[in-house]
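Undergrad: Chain by chain, the residues:
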Amino acid sequence: MGTLELDGVTKVFPDGDGEVVAVDDVDIEMRDGEFLVVVGPSGCGKSTTLRMVAGLETISSGEIRLTGKHINDVKPQHRDIAMVFQSYALYPHMTVRENMAFGLEESTDLSDDEIDERVTDATGTMGIAELLDRKPSDLSGGQRQRVALGRAIVRDPEVFLMDEPLSNLDAKLRSEMRTELQRLQDELDVTTMYVTHDQTEAMTMGDRIAILDAGELQQVATPLECYHEPANRFVAGFIGDPSMNFFDVRRDGDTLVGSVFDYPLSASTLDDVGDVTDLILGIRPEDISLAGDATGEHTFSTVAEVVEPMGDENTVYIRFEDAPEGETFIATVGGLQQVAAGDEITVEIPEKTIHLFDGTTGKAVHNRELDE
Amino acid sequence: MTRNTDTGGDSGDAVADGGVTENPNGSGFSPIAALNDRFGSDFVESSQFWLPPFLLVGLFVYGAIIWNLLISLTDFNSFGSPDYSDLDFEMYARALADSAFVDAAVNTFVLLVGFTLVTLALGLGLAILVDRNIRFENTLRTIYLLPMSLSFVVTAQFWAWMFNFNNGVINIVISSLGFGRVDWLGNPDIVLWAVMFALMWQFAGYAMVVYLAGLRAIPNEHYEAAKVDGASTIRMYWRVIIPQLKGSTISASVVLMVFALKAFDFLYSLVGGYRPPNGVDILATKMVREAYQANEWAYASAIAIALFLMALGIVGPYLYYQYTRGNL
Amino acid sequence: MNDDARTDGGTASETDPGAAAGALSGVDGYRVFLYLGLFGMLAFFLVPIESGLVTSFKTSGGVSGSFPFTPPTGSTFTFGKWGTAFDALGRGLVNSALYAIPATVISALLGSFAAYGITQSNWKPKYKAPILALFVAGIFIPYQAVLVPLAQFWSTVPLEESLSFLWGLGINDDYTGIIKLIVTHVAYGLPICTVLFRSYYKNMSEEMIEAARLDGASIRRIYRRIVLPLSGPMFAVVLIYQFTQIWNDLLFTLVLVQTESSAAAPIVLILAGLGTSLEGQDFALRMAGAFIAALPTLAVYIAFGEEFAEGVAT
Chain A
0 MGTLELDGVT
10 KVFPDGDGEV
20 VAVDDVDIEM
30 RDGEFLVVVG
40 PSGCGKSTTL
50 RMVAGLETIS
60 SGEIRLTGKH
70 INDVKPQHRD
80 IAMVFQSYAL
90 YPHMTVRENM
100 AFGLEESTDL
110 SDDEIDERVT
120 DATGTMGIAE
130 LLDRKPSDLS
140 GGQRQRVALG
150 RAIVRDPEVF
160 LMDEPLSNLD
170 AKLRSEMRTE
180 LQRLQDELDV
190 TTMYVTHDQT
200 EAMTMGDRIA
210 ILDAGELQQV
220 ATPLECYHEP
230 ANRFVAGFIG
240 DPSMNFFDVR
250 RDGDTLVGSV
260 FDYPLSASTL
270 DDVGDVTDLI
280 LGIRPEDISL
290 AGDATGEHTF
300 STVAEVVEPM
310 GDENTVYIRF
320 EDAPEGETFI
330 ATVGGLQQVA
340 AGDEITVEIP
350 EKTIHLFDGT
360 TGKAVHNREL
370 DE
Chain B
0 MTRNTDTGGD
10 SGDAVADGGV
20 TENPNGSGFS
30 PIAALNDRFG
40 SDFVESSQFW
50 LPPFLLVGLF
60 VYGAIIWNLL
70 ISLTDFNSFG
80 SPDYSDLDFE
90 MYARALADSA
100 FVDAAVNTFV
110 LLVGFTLVTL
120 ALGLGLAILV
130 DRNIRFENTL
140 RTIYLLPMSL
150 SFVVTAQFWA
160 WMFNFNNGVI
170 NIVISSLGFG
180 RVDWLGNPDI
190 VLWAVMFALM
200 WQFAGYAMVV
210 YLAGLRAIPN
220 EHYEAAKVDG
230 ASTIRMYWRV
240 IIPQLKGSTI
250 SASVVLMVFA
260 LKAFDFLYSL
270 VGGYRPPNGV
280 DILATKMVRE
290 AYQANEWAYA
300 SAIAIALFLM
310 ALGIVGPYLY
320 YQYTRGNL
Chain C
0 MNDDARTDGG
10 TASETDPGAA
20 AGALSGVDGY
30 RVFLYLGLFG
40 MLAFFLVPIE
50 SGLVTSFKTS
60 GGVSGSFPFT
70 PPTGSTFTFG
80 KWGTAFDALG
90 RGLVNSALYA
100 IPATVISALL
110 GSFAAYGITQ
120 SNWKPKYKAP
130 ILALFVAGIF
140 IPYQAVLVPL
150 AQFWSTVPLE
160 ESLSFLWGLG
170 INDDYTGIIK
180 LIVTHVAYGL
190 PICTVLFRSY
200 YKNMSEEMIE
210 AARLDGASIR
220 RIYRRIVLPL
230 SGPMFAVVLI
240 YQFTQIWNDL
250 LFTLVLVQTE
260 SSAAAPIVLI
270 LAGLGTSLEG
280 QDFALRMAGA
290 FIAALPTLAV
300 YIAFGEEFAE
310 GVAT
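Residue numbers (numbering that gives the first Met the number 0), protein chains in the order written: chain A, 0 to 371; chain B, 0 to 327; chain C, 0 to 313.
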């Protein structure tokens, strides 16, 4: 068990004559037993961050501490860390038992009997006891995944690192393993850093999410905080599917002026905005609702261009009446509400659900209200 | 509430330096840590694997070449040992004035280019034939490549017999077609081409294997797309397929040229001695003859350097090409 | 010849544009030409070997009195040339095996070491590249460029004195040549072995090696427990390729053993001078000798043709 601290961690790769900063001054503190999901688009530096913790990449600057101990220069084999790889990286010439025993043989002085006992224990936990004498080539994808996890568990390390471990599974297995992983992590209570690009995994599995973009840490917070109180426009757009709608607006007195609509603000929202004039208005698709008529100050006349029925709800691509064709935003409305392409509909964008971001820095200046 | 990135207070560099002093290897300067720091974390630990082979190759290949260069600058001949105190380019001047050297250089060049071209052409033809969904593919391929597994010494015996004036297969075939017999190995104007033909026999299978790998790497869709576009088979190969075999051509050419430079074994065995038939003396045979028959060590070294430069002229650009494509 | 076959293939398949994929195969006239080409080439590659084989069984009279490619008849048939060739080459077979086998095994092992150390360990690519380039360039060095120093080098190494206990056992001291050949072939075979193994190790899963590191294994243990057990297929390729190269090489034997009359003379050295004398050439004997010298490599080639092809194609 351990705490893991990343302090100003930076990774610079040489690129031809110049340099590329893959990870830029990242600070993360993980408490003992925490499950942290690191998420971001591909190339954001999330895997590099994980590999620096593992010791597979050198650290250009900054410091990584494991339970208070500085580990920058400790070789991966001495870090007491176990990692689960995207490809599982099982040793193809060894049986499941040998695969799982390998790490204990190499990193501990345990006797053969003790190793055997721990391997048997771990296979019990993972439900793969009957596979012990098979080779990886005789296993299904899901079974390999379990062996890979078992190989990490049996080591009883201070920290688990997982690099997109579920991305090679089909959708059904993936959701099963997601639950299984959460159960395991609860049970073992080992500090875990989990890298993924899948936001469902990020939202459902982690105690906290760390969101990276272009090497920079955008936000570290619980999943719901990231969803409802995004630190900036990137986080707001990255978390949530379909993603948040954004409109470039300018503040004119107490009104936001967009290209085809005006949106009046209340005094308390204006307080948050302060003296910023270039703004981005964000609204999540599910917060847009159908309204009877366009009489409210936050109701708008629109045209539904495309309707995608999903059963439980409809995803509707709508545009403001005055907007050119094709310039749409998304609303999700209940599956029983009848909306057809071409319909003229009135929608409400409630003020308490809007987010406002600084148009130049992207920082959130106002987040939605939550009833609590 | 949200926890945004707060910019780290302490500079990263200071932290990294702190790390080095905390190195468990102990206090003070550690040469191993310094080497690893400069070359990468596994440099020292991995050297137990690559360093001994590297030293062996470095000594025997590159050390020997430098030594050879030195010897070529001396006047070392007959028995005794070279005198390194008096170095000059006398041997190179002698080579340029030696018409036998110039002839050998020309022969080497002609053999190199001619052999490579005909072998590539035959190999490509074979590869295209074999690639066309044929039966017995494995058997045919095995037989086409078979001469490659034989020693130059062995193939020289076969071809000495094939080219025999009275009883050789080739003369018997052409005389049965109504042509006169040809003294393949005795006529200085012909012998180079005869040798080229024999070497082509030995290495066409190799070119075929390389081209076949190249052809198999081309997706089937390319053939089909060309067909749908209405290209004839010839035009399909010429315009679509062969241009994609550039990589195969380059690597096969380099290997073939190097084999041609090494054709010494073949020529020596053809006659069972240092003196190949008139008209086919190449640098490789002349070098060995000067060294081991005439004991003109320094002169032989100078010829060896000429040969080495020729090889370098072929391999250098190839290595650079591989390097720029990230294959090194 | 090949061009004809393909020309006809082209016109024939154009008449059948409907089967775009099937057009590459199927049309009869074109198949006839295709197989004519293929079997014509088969004859081209086999005639020298066939002619050598039948000739090796002929008496001297049979050699001059019959076509070189017809089999011997009753009166011109003899095993005599094979017998003579075997008497002359027998010790050469043993001598060649004495250095070819150890040199093959050692160069393959060292090549695997070198490739592993360069490919699967973590140090800066900009320093790896020149080392690798030196290995690759080593493949292409004409041996002539190192012959004189090589002879000088071996003349300064006091092999004969340091191994005197062997000569005391009744072993001919010419056998120093075998030791020289082993070391020399290892050194000059290493580049190709290294490059072959490197291409194999480059394709090995990087994550698997990283997993082994995180499992606590050192670089040496990873080689011993992961990489070496998984190198089997490449060892087959390298061993086969190296064996044929070393067995077949004449130049080093000429320089390091020198005379075919030496007790340690390898088979290629004896064969190169076999059947040539002042009275003329005994082709039947030369052919029989050629086959005896080729037998080991031919056997290896026929048994492991796929691996050999992979070795040469890389």
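It is possible that part of the hints are untrue.
[What the hints assert, rightly or not] Here are the simulated DSSO-like pairs of lysine-lysine, each with C-alpha atoms no more than 27 Å apart in a straight line:
{"#": "1", "chain 1": "A", "residue 1": "K74", "chain 2": "C", "residue 2": "K201"}
{"#": "2", "chain 1": "C", "residue 1": "K123", "chain 2": "A", "residue 2": "K74"}
{"#": "3", "chain 1": "C", "residue 1": "K125", "chain 2": "C", "residue 2": "K201"}
{"#": "4", "chain 1": "C", "residue 1": "K127", "chain 2": "C", "residue 2": "K201"}
{"#": "5", "chain 1": "A", "residue 1": "K351", "chain 2": "A", "residue 2": "K362"}
{"#": "6", "chain 1": "C", "residue 1": "K127", "chain 2": "A", "residue 2": "K74"}
{"#": "7", "chain 1": "A", "residue 1": "K134", "chain 2": "A", "residue 2": "K171"}
{"#": "8", "chain 1": "C", "residue 1": "K125", "chain 2": "A", "residue 2": "K74"}
{"#": "9", "chain 1": "C", "residue 1": "K123", "chain 2": "C", "residue 2": "K201"}
{"#": "10", "chain 1": "C", "residue 1": "K123", "chain 2": "B", "residue 2": "K245"}
{"#": "11", "chain 1": "C", "residue 1": "K127", "chain 2": "A", "residue 2": "K134"}
Hints are computed from structural coordinates only; laboratory data are not their basis.
Undergrad: If a hint holds in the structure, say so; if it doesn't, say that too.
TA: Right, here's what the structure says about each hint:
no., hint, result
1, A/K74 - C/K201, "holds, 22 Å"
2, C/K123 - A/K74, "holds, 16 Å"
3, C/K125 - C/K201, "holds, 16 Å"
4, C/K127 - C/K201, "holds, 13 Å"
5, A/K351 - A/K362, "holds, 18 Å"
6, C/K127 - A/K74, "holds, 20 Å"
7, A/K134 - A/K171, "holds, 24 Å"
8, C/K125 - A/K74, "holds, 21 Å"
9, C/K123 - C/K201, "holds, 15 Å"
10, C/K123 - B/K245, "violated, 31 Å"
11, C/K127 - A/K134, "violated, 35 Å"
The structure is inconsistent with the numbered hints 10, 11, although it conforms to all the rest.
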